[in-house]
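Novice: Sequence:
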Amino acid sequence: MWTAAGGRGSSAAAAVLRVLLIATACGLVFALLHLPLPDGGARPAGPGEERRGVGGGGGARLSAQQVRQRGRIREARRLSVVTEEIEGQTDEVAAEEDERISKSPPDTKEKIWMMQDQLIMAKAYLHFASPQGSVHFVRELRLRIKEIERAISHSSGGTRVPGSVLQKMKAMELTLSKAQRIYPRCCQMTAKLRAMVHNSEELVRAHQSESSFLEQVAVRTLSKGHHCLAMQLTAEYFSLDPSKREFPKRESIQLDGYYHYAIFSDNVLASAVVVNSTIAASKDPGRIILHIVTDALNYPAMMMWFLRNPPTPAAIQVKSLDDLKWLPGDFSSRFKLKGVRDPRYTSALNHLRFYLPEVFPSLGKVVLLDHDVVVQNDLTGLWDLDMKGKVIGAVETCTSSEGYHRLDSLVDFSNPSIFDKVDPKACAFAFGMNIFDLNEWRKQDLTTTYHKWFQLGKIQKLWKPGSLPLGQLTFYNRTLPLDHRWHVFGLGHDFSIGRNELESASVIHYSGKLKPWLEISIPKYRDYWNRYLNYDNPHLQQCNIHG
Numbered sequence: 001m002w003t004a005a006g007g008r009g010s011s012a013a014a015a016v017l018r019v020l021l022i023a024t025a026c027g028l029v030f031a032l033l034h035l036p037l038p039d040g041g042a043r044p045a046g047p048g049e050e051r052r053g054v055g056g057g058g059g060a061r062l063s064a065q066q067v068r069q070r071g072r073i074r075e076a077r078r079l080s081v082v083t084e085e086i087e088g089q090t091d092e093v094a095a096e097e098d099e100r101i102s103k104s105p106p107d108t109k110e111k112i113w114m115m116q117d118q119l120i121m122a123k124a125y126l127h128f129a130s131p132q133g134s135v136h137f138v139r140e141l142r143l144r145i146k147e148i149e150r151a152i153s154h155s156s157g158g159t160r161v162p163g164s165v166l167q168k169m170k171a172m173e174l175t176l177s178k179a180q181r182i183y184p185r186c187c188q189m190t191a192k193l194r195a196m197v198h199n200s201e202e203l204v205r206a207h208q209s210e211s212s213f214l215e216q217v218a219v220r221t222l223s224k225g226h227h228c229l230a231m232q233l234t235a236e237y238f239s240l241d242p243s244k245r246e247f248p249k250r251e252s253i254q255l256d257g258y259y260h261y262a263i264f265s266d267n268v269l270a271s272a273v274v275v276n277s278t279i280a281a282s283k284d285p286g287r288i289i290l291h292i293v294t295d296a297l298n299y300p301a302m303m304m305w306f307l308r309n310p311p312t313p314a315a316i317q318v319k320s321l322d323d324l325k326w327l328p329g330d331f332s333s334r335f336k337l338k339g340v341r342d343p344r345y346t347s348a349l350n351h352l353r354f355y356l357p358e359v360f361p362s363l364g365k366v367v368l369l370d371h372d373v374v375v376q377n378d379l380t381g382l383w384d385l386d387m388k389g390k391v392i393g394a395v396e397t398c399t400s401s402e403g404y405h406r407l408d409s410l411v412d413f414s415n416p417s418i419f420d421k422v423d424p425k426a427c428a429f430a431f432g433m434n435i436f437d438l439n440e441w442r443k444q445d446l447t448t449t450y451h452k453w454f455q456l457g458k459i460q461k462l463w464k465p466g467s468l469p470l471g472q473l474t475f476y477n478r479t480l481p482l483d484h485r486w487h488v489f490g491l492g493h494d495f496s497i498g499r500n501e502l503e504s505a506s507v508i509h510y511s512g513k514l515k516p517w518l519e520i521s522i523p524k525y526r527d528y529w530n531r532y533l534n535y536d537n538p539h540l541q542q543c544n545i546h547g
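Sequential numbering of the sequence shown, starting at 1, is according to full-length UniProt numbering.
FYI, nobody ran anything at the bench for these hints, they're computed from the structure. Nothing here was measured: the structure is a model prediction, and the numbers come from that model. Don't be surprised by glycine CBs; every beta carbon is placed ideally from N, CA and C. Please note that the accuracy of each hint is not assured.
Calculated cross-link-like contacts (lysine-lysine; reagent style DSSO-like; alpha-carbon spacing at most 27 Å) [said to hold, decoys possible]:
id : residue 1 : residue 2
1  : 513       : 458
2  : 224       : 458
3  : 461       : 425
Across the chosen pairs, the derived CB separations fall in these ranges [as the list claims (entries may be wrong)]:
id : residue 1 : residue 2 : range
4  : 210       : 389       : 47 to 53 Å
5  : 362       : 243       : 22 to 28 Å
6  : 536       : 384       : 33 to 39 Å
7  : 389       : 527       : 16 to 22 Å
8  : 248       : 544       : 49 to 55 Å
9  : 520       : 418       : 34 to 40 Å
10 : 378       : 113       : 44 to 50 Å
Construct the entire structure; sequences and hints are all you get.
Specialist: Structure (structure tokens):
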């Protein structure tokens with residue numbers, strides 16, 4: 001959505017507002033500076049006296065000077081509403097115009113932008129014009145404005161600018177030159193205008209801060225429907241007989257002849273989509289075993305959902321972090337950082353990936369899926385890859401539109417003694433869909449390597465928050481690059497991913513803040529996620545959760 005065209009349109013709108021604010025201020029000062037003082041300290045006639053004067057009964061008739069004074073006051077009031085009129089323009093109209101312009105060839109865009117700049121100046125001069133000024137010139141200026149507005153409308157989205165439009169641009173240029181001679185600059189207002197610009201910029205910063213805060217609130221909090229679902233499922237789970245709180249096929253959970261997928265999540269519906277899409281895309285779903293690890297608070301709801309909605313014919317296992325007794329005692333709280341509120345960076349479940357060999361001691365390979373992915377194609381080919389002695393298979397981000405491309409964008413390399421064997425320009429890789437060779441992990445003792453980096457990061461701030469920078473260092477030179485079609489990411493922040501790229505991907509990943517289960521998600525990507533939820537499910541209906 002923040003495309004180049006959109007940015008140009010937004011900057012043009014900001015320029016319009018600023019110029020018109022300047023024009024308004026100049027006009028107000030012009031009108032107020034020319035107000036005549038009452039002669040001899042006489043008080044201007046009040047409303048009642050004016051009515052008597054006009055009616056000819058008993059009061060003094062208004063002088064020509066007082067009439068002119070009232071006319072100037074009315075003009076000053078007219079100028080004061082300019083900003084309100086500009087602010088009243090809808091964002092939708094601007095967005096539609098930007099969309100049309102964005103489809104034009106570069107030469108046409110340049111001409112349209114020139115005409116937009118002419119409009120800004122013309123409208124500023126029009127509002128700056130005095131009622132006592134040249135009526136013919138004001139009429140000419142309005143005519144030129146209408147001509148340029150029509151020219152922009154006709155040229156937007158076209159392949160070329162007609163010759164008639166170029167003639168109108170030249171005519172507007174002559175009119176603006178004339179306006180510059182008639183209305184010289186208001187130099188005495190420089191200091192005040194600077195103050196106005198400063199105040200406007202402070203207001204913009206305040207709104208940006210508020211927008212960022214509200215976005216964080218939307219990301220961190222569950223909607224009413226999701227909260228309702230968790231409460232209902234938890235209550236149902238504890239009402240079950242203990243003997244009915246288990247899944248079938250538990251004896252085959254650790255068999256290495258199956259395709260094992262791990263999901264570490266505290267979100268019931270997100271996990272359901274990952275499970276449903278994985279099974280739907282598989283060529284042999286009967287050989288799939290899904291392992292979900294969640295926290296103690298969400299464990300009952302997660303269990304109840306999959307007891308009521310079993311992923312037949314696959315097998316499933318749900319564990320709580322509390323079941324992993326070998327984890328450090330402070331594991332659930334050790335990743336909280338001062339000033340960092342985003343749960344993506346402070347979640348213990350997000351860091352559990354560094355303990356995969358301990359979580360699955362009997363497995364040789366496992367595919368780890370983040371809970372914000374959708375599986376679209378069969379992934380069993382990952383188990384057939386020759387890992388070439390590497391520990392993790394991942395898609396690199398250097399040639400993608402993802403925000404993080406190379407290590408120096410994640411890690412602070414200012415201390416060469418710490419990172420003397422790490423190339424800051426090395427390509428970063430993506431988490432979200434990864435194949436792990438756990439036997440090779442154990443052989444290279446990478447969990448110890450992770451602990452070394454983690455303790456170093458506690459002493460001094462060496463990288464950005466989250467598990468991704470630690471992952472880059474832990475698996476440095478131990479990563480097998482995968483074809484980018486295995487994993488397309490950025491659906492939680494990148495508006496420009498094409499349909500062909502999405503539909504050819506084996507896994508699509510809503511990395512970013514705009515998750516598909518949030519109202520602030522990117523609309524054009526929502527259906528890829530919604531199709532794997534049955535919104536006729538009684539629990540979703542009762543909690544008013546709809547696609």
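Novice: Against the structure shown, which of the earlier numbered hints fail to hold, in ascending order?
Specialist: 2, 7 and 8
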